[in-house]
Amino acid sequence: MSELSRKCVPFTPYDRELSRATVALVTAAGVHQKDQPPFNIADELGDLTFRIISPEAKVEDLMVTHHHYDHSDADQDVNVVFPIDPIRVLASEGFISGVAREHIGFMGYTMQLKRMYEETAPQIAEEIDKRSRADLVVLTGG
Amino acid sequence: MRGIPTVLITVSPDVSRQMRPPRSLYPKGFRIGNSLGRPLMRELQTRVLRDALSLIKEPPRPGEIIERDYSDY
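Those protein sequences? They're chains W and L, same order as listed.
Residue numbers for the first sequence follow the working numbering, so the first one is 620 and each next one is one higher.
Residue numbers for the second sequence follow the working numbering, so the first one is 7 and each next one is one higher.
Next up, chain W with everything else stripped away, as it sits in the complex (with noise of 0.2 Å):
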């Protein structure tokens, strides 16, 4: 299982070009697909889960599923917080190598910070590492 550092800035340093670099996209901002189920909003401890996402998807594909931001934006364009489609703009560019094979998505909300540490964040890592294969992971929120 994938450790996280605890006491250091977690900073991985990256030494080739960015055109032969494949991404992922990280999301806590509550995007997933439309056939998986939604992150669980009615437990006001939040939603320790993830969910894949393909990077074949598209944006009517995607939905929002989180109660502590207002998403009215991100459910007219799920781009404002997940790039899927500025990251193939960037891959076909030839900025980036390309896309990784999986994204992920979760709801950032939660009272267990510890197990959402702990537990999700490495799971996540561990997915990124063994699964998605991508060089470089980029973050975002709601």
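Just so you know, these hints were derived from the structure itself, not from any lab.
The calculated EDC-like cross-link candidates involving lysine to aspartate or glutamate, where the alpha carbons are at most 20 Å apart (straight line), are:
(1) Lys-63(L) to Asp-754(W)
(2) Lys-63(L) to Glu-636(W)
(3) Lys-677(W) to Glu-49(L)
(4) Lys-653(W) to Asp-689(W)
(5) Lys-34(L) to Asp-692(W)
(6) Lys-749(W) to Glu-738(W)
(7) Lys-677(W) to Glu-712(W)
(8) Lys-63(L) to Asp-634(W)
(9) Lys-653(W) to Asp-704(W)
(10) Lys-653(W) to Asp-696(W)
(11) Lys-653(W) to Asp-680(W)
(12) Lys-733(W) to Asp-662(W)
(13) Lys-677(W) to Asp-694(W)
(14) Lys-749(W) to Glu-721(W)
(15) Lys-34(L) to Asp-689(W)
(16) Lys-34(L) to Asp-57(L)
(17) Lys-63(L) to Glu-712(W)
(18) Lys-63(L) to Glu-73(L)
Sample of chain L residues facing chain W (criterion: CB under 10 Å; computed from the structure):
(19) Val-21
(20) Ile-38
(21) Lys-63
(22) Pro-68
Since we're looking at a predicted model, the values are computed, not measured.
Just so it is clear, CB atoms sit at the ideal spot from N, CA and C, and this is done for glycine as well.
We have chain W already, so just place chain L on it with the hints.
Relative to chain W, chain L alone:
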């Protein structure tokens, strides 16, 4: 394990600063829910993403939040 290079786009710089992210861009004045800009402003959204990714190649300033102005927001 190997680390994963990350860059954060934040619209809550005071909150994000507490977590000392390794690389972070704050598009100045962007509201919560508008991390990349406003709906359908694809060129602006793409510019913000490009700028965030570009931090990967800039001299490291771990824990600092880099602010940028986007006057067309």
